[in-house]
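For reference, the chains in residue letters:
Protein chains: 2
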Amino acid sequence: MSITLTNIREAHQRIALLIHRTPVLTSETLNRRSGAQLFFKCENFQRAGAFKMRGAANAVLSLSEAERQRGVATHSSGNHGQALAKAAQSVGIPAYIVMPRTAPKVKQQAVAEYGAEIIFCEPTLQAREDTLAAVIEDTGATFVHPYNNDQVIAGQATAALELIEDTETLDVVMAPVGGGGLLSGTALSTHYLLPQAEVISGEPTGADDAFRSLQAGKIIPSEQPNTIADGLLTSLGDKTFPIIQEYVKEIITVSDEEIIVAMRLIWERMKIIIEPSCAVPLAALLQCPSSFSGKRVGIILTGGNVDLASLPFA
Amino acid sequence: MSITLTNIREAHQRIALLIHRTPVLTSETLNRRSGAQLFFKCENFQRAGAFKMRGAANAVLSLSEAERQRGVATHSSGNHGQALAKAAQSVGIPAYIVMPRTAPKVKQQAVAEYGAEIIFCEPTLQAREDTLAAVIEDTGATFVHPYNNDQVIAGQATAALELIEDTETLDVVMAPVGGGGLLSGTALSTHYLLPQAEVISGEPTGADDAFRSLQAGKIIPSEQPNTIADGLLTSLGDKTFPIIQEYVKEIITVSDEEIIVAMRLIWERMKIIIEPSCAVPLAALLQCPSSFSGKRVGIILTGGNVDLASLPFA
Numbered sequence: 054m055s056i057t058l059t060n061i062r063e064a065h066q067r068i069a070l071l072i073h074r075t076p077v078l079t080s081e082t083l084n085r086r087s088g089a090q091l092f093f094k095c096e097n098f099q100r101a102g103a104f105k106m107r108g109a110a111n112a113v114l115s116l117s118e119a120e121r122q123r124g125v126a127t128h129s130s131g132n133h134g135q136a137l138a139k140a141a142q143s144v145g146i147p148a149y150i151v152m153p154r155t156a157p158k159v160k161q162q163a164v165a166e167y168g169a170e171i172i173f174c175e176p177t178l179q180a181r182e183d184t185l186a187a188v189i190e191d192t193g194a195t196f197v198h199p200y201n202n203d204q205v206i207a208g209q210a211t212a213a214l215e216l217i218e219d220t221e222t223l224d225v226v227m228a229p230v231g232g233g234g235l236l237s238g239t240a241l242s243t244h245y246l247l248p249q250a251e252v253i254s255g256e257p258t259g260a261d262d263a264f265r266s267l268q269a270g271k272i273i274p275s276e277q278p279n280t281i282a283d284g285l286l287t288s289l290g291d292k293t294f295p296i297i298q299e300y301v302k303e304i305i306t307v308s309d310e311e312i313i314v315a316m317r318l319i320w321e322r323m324k325i326i327i328e329p330s331c332a333v334p335l336a337a338l339l340q341c342p343s344s345f346s347g348k349r350v351g352i353i354l355t356g357g358n359v360d361l362a363s364l365p366f367a
Numbered sequence: 054m055s056i057t058l059t060n061i062r063e064a065h066q067r068i069a070l071l072i073h074r075t076p077v078l079t080s081e082t083l084n085r086r087s088g089a090q091l092f093f094k095c096e097n098f099q100r101a102g103a104f105k106m107r108g109a110a111n112a113v114l115s116l117s118e119a120e121r122q123r124g125v126a127t128h129s130s131g132n133h134g135q136a137l138a139k140a141a142q143s144v145g146i147p148a149y150i151v152m153p154r155t156a157p158k159v160k161q162q163a164v165a166e167y168g169a170e171i172i173f174c175e176p177t178l179q180a181r182e183d184t185l186a187a188v189i190e191d192t193g194a195t196f197v198h199p200y201n202n203d204q205v206i207a208g209q210a211t212a213a214l215e216l217i218e219d220t221e222t223l224d225v226v227m228a229p230v231g232g233g234g235l236l237s238g239t240a241l242s243t244h245y246l247l248p249q250a251e252v253i254s255g256e257p258t259g260a261d262d263a264f265r266s267l268q269a270g271k272i273i274p275s276e277q278p279n280t281i282a283d284g285l286l287t288s289l290g291d292k293t294f295p296i297i298q299e300y301v302k303e304i305i306t307v308s309d310e311e312i313i314v315a316m317r318l319i320w321e322r323m324k325i326i327i328e329p330s331c332a333v334p335l336a337a338l339l340q341c342p343s344s345f346s347g348k349r350v351g352i353i354l355t356g357g358n359v360d361l362a363s364l365p366f367a
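Respectively, the protein sequence lines represent chains A and B.
Take 54 as the starting number for the first sequence in the numbering used here and just add one per residue.
Take 54 as the starting number for the second sequence in the numbering used here and just add one per residue.
These are computed hints drawn from the structure, not numbers from a lab.
Treat the hints with care, as some may be off.
[To be verified] If the Cβ cut is set under 7 Å, some of the chain B residues that face chain A in the computed set are:
| # | residue |
| --- | --- |
| 1 | F173 |
| 2 | F196 |
| 3 | K324 |
| 4 | I325 |
Fair warning: this is a prediction, and the values are worked out from it, not measured in the lab.
Where is the CB? At the ideal position from N, CA and C, for every residue including glycine.
One chain only, chain A, in its complex shape (with noise of 0.2 Å):
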């Protein structure tokens, strides 16, 4: 395996001065409704909103001088867009971002507002890909992809590096798997600081391409994926699969309706603000609970972007 923890703890103190130190916070009335002891590492109060902060700030600080000033580049509307354009901001690189014409305008303003280049493409992988590749011929910035880059991954398993830290012992470790960033990540992190304990994923049965990939034993890509959780759309690549396939015991696969039910949990008996992805894992404890009675189960939340003008609750 190529990432150390070493090389999680080095990502951890580079990126120190560029992220918060997240808090994680507990319910009385969800330990309760769970019969779980829950620790949620609120990563919704990350700076730019979401955990990818973590792995955006560790790749743009692991550049060399000459890549600096080329700047970096990737495809993303989503978090992880918005998370490299302000982690470029914060140490003076260009950022140059390809975003579908079709993305949502706030989207597209949160990247600008972090002073980054916007490259708009049609909606369609091919022409992301191929705009993403002139800009880079054009710039030579550097691409960061999403999730299947090492240093992306030892930045997202500095989330987990935290929980661990800030809780005494935990018995289960819950992340949700979209392309399998965070949940690589906080398996090595789980793997490495506290190997007695099971690392849990949740996934939408709308987009259970991870699910599927564990069961097949080789990557099966994610085809249209339909599910509320627009965080975990895309496929597991070929640095996340191996360490997901290794080190998770398992990924539980909910509905939209039961992930709705956990959000909804989420914000009226915690009052934070959480994304559909977050509730994921909740709602995965919440199918199978006697599976985690009484255990100390710690849940990554992993981001609170939400359009306030379009929310599930009715």
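Got chain A sorted already, so can you dock chain B onto it with the hints?
Using the frame of chain A, we list chain B on its own:
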């Protein structure tokens, strides 16, 4: 003045096991936006979802053994009713909550969940007072007024006590005003512990009785209040008004539009759920940012009990 610093410190010790010491949060974005340094005391994370738990707990724990046996009563379908029910449940004594038949089901459920007996009445002030009087005659329960009560004021004062302890120093302390329990307690704690700091309040223009009372030099009752800040509809009491008159420098009135803008800023930027009433001080500050420029401002966020199915964000 009848409430001393010793009373407040004793209240704080008395209620320690029944309340959370809530965190003080900051936000770079809101600092930048306001030009001030803001410290938010998060009573939206308090037990039962609001600062009201402090006053209710202090009142319940100040009862004699004989009084405890007979329990407590109040008329409130809002946060005070929930807090009194939860405080009573925590020490195992009866609570009787008088509530209009028309109170929203979610509020009825919350009070019932905390094991209180609900007594319904017609939705008029007269019916509410008559029903409460009958309950008290019947049961011998002690009436705990939502704000015009020394134990309640001393309890609410502990929020500012903690805020002042947890920040190095403050130039201004802000809280909203309804009946004035929180504001008078905040003013007392600030007077005792940070006498050089100013206490400034915000009030909705649609319920500006406290603003007008300060102008008139006597209590002007709230008549047909109309504002989204539904925790701030009540009139000042003869215990809260003199304290506010003496120790509050200014009450700034804000429109519902300003309240919604401030509420949205806190939701979107801080990723926490607050009631409209909480947003009133920030709305006041944003109305005249030059008055607060460069200052260290503590703001008490009062509660987080909102109905997610009817939010003011379009």
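*With a cut-off of 7 Å on the beta carbons, see whether B:F173 makes it to chain A.*
violated, 24 Å
*Was the hint right that B:I325 lines chain A, CB cutoff 7 Å?*
Since chain A brings a Cβ to about 6 Å from B:I325, closer than 7 Å, the hint holds.
*Can B:K324 be said to touch chain A, with a Cβ gap under 7 Å?*
holds, 4 Å
_Tell me if the interface restraint on B:F196 is satisfied: Cβ within less than 7 Å of some Cβ in chain A._
violated, 29 Å
Violated hints, listed in ascending order, are 1, 2; each of the other numbered hints is respected by the structure.
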